[in-house]
Amino acid sequence: MKNNKKVLILGGGITGLGVAWKLSENNVPVEVIEAKKEEIGGLAATIKRDPYRLDYGPHFFLSEKPELTEKIIGLFEEELPAFERKAQLYFHGRFYNYPLTARNVLLQMPISDTFLSTASYFGRLLWDSLKKSLATRNKDPNFEEWAKSSFGSYLYRLFFKP
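Numbering (our numbering), first residue to last: 316 to 477.
What the hints contain is simulated information worked out from the structure, not anything from laboratory work. Please read these numbers as outputs of a predicted model, since none were measured by experiment.
Listed below are the simulated SDA-like cross-link pairs for lysine to any residue, each with C-alpha atoms no more than 25 Å apart in a straight line:
id: 1; residue 1: LYS401; residue 2: TYR411
id: 2; residue 1: LYS401; residue 2: LYS476
id: 3; residue 1: LYS386; residue 2: ILE329
id: 4; residue 1: LYS320; residue 2: GLU340
id: 5; residue 1: LYS386; residue 2: PHE376
id: 6; residue 1: LYS401; residue 2: ILE329
id: 7; residue 1: LYS401; residue 2: LEU415
id: 8; residue 1: LYS363; residue 2: THR330
id: 9; residue 1: LYS321; residue 2: SER339
id: 10; residue 1: LYS351; residue 2: TYR371
id: 11; residue 1: LYS446; residue 2: PRO456
id: 12; residue 1: LYS321; residue 2: LYS337
id: 13; residue 1: LYS351; residue 2: PHE375
id: 14; residue 1: LYS351; residue 2: GLY328
id: 15; residue 1: LYS476; residue 2: GLY438
id: 16; residue 1: LYS401; residue 2: ALA359
id: 17; residue 1: LYS401; residue 2: ALA417
id: 18; residue 1: LYS337; residue 2: GLU382
Label-pair distances were calculated between CB atoms; the ranges are:
id: 19; residue 1: PHE430; residue 2: LEU358; range: 32 to 38 Å
id: 20; residue 1: PHE391; residue 2: ALA350; range: 25 to 31 Å
id: 21; residue 1: VAL334; residue 2: PHE430; range: 42 to 48 Å
id: 22; residue 1: ASP370; residue 2: ARG418; range: 27 to 33 Å
id: 23; residue 1: GLU385; residue 2: ALA434; range: 42 to 48 Å
id: 24; residue 1: GLU460; residue 2: THR416; range: 20 to 26 Å
id: 25; residue 1: ARG472; residue 2: LYS352; range: 30 to 36 Å
id: 26; residue 1: GLU346; residue 2: GLY408; range: 48 to 54 Å
id: 27; residue 1: PHE398; residue 2: LEU325; range: 30 to 36 Å
id: 28; residue 1: LEU325; residue 2: THR416; range: 33 to 39 Å
id: 29; residue 1: TYR413; residue 2: LEU383; range: 19 to 25 Å
id: 30; residue 1: TYR367; residue 2: PHE458; range: 31 to 37 Å
Think of the CB as a built atom: it goes at the ideal place given N, C-alpha and C, for glycine as much as any other residue.
With the hints as constraints, model all of the structure from the sequences given.
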């Protein structure tokens, strides 16, 4: 008896397409449904309005895994332009490298923000350590918990909180 089942993926954004691609590589039949637009790609899509191509936002592909980078580049007929990664946040009249680094925060922020950021960060490390030792740490943290754990509550409020 033949198995006619397939995986239905809702959303043709980068995540949906990535899941479909990975499943297809493992011979799992998939169907991707994109309800909002005629084009797929989500926020990484380009609208073609001759003679122009308009991007929804910046189109960067960054990976620390060379095998993934090679695989993605292999999907394109044209050679992709290389660029030097330089992302910055403009905050309170100053530019901060992104992703945030301890050096960036300690050397560029006003002394009051530096103090509060450092205290918040180390306070969070202590709190997480205590929670872990009590075995109450959440197995699947949400973005807020991850950002607070990674940067401390003060930097979370400054840069990440909606």
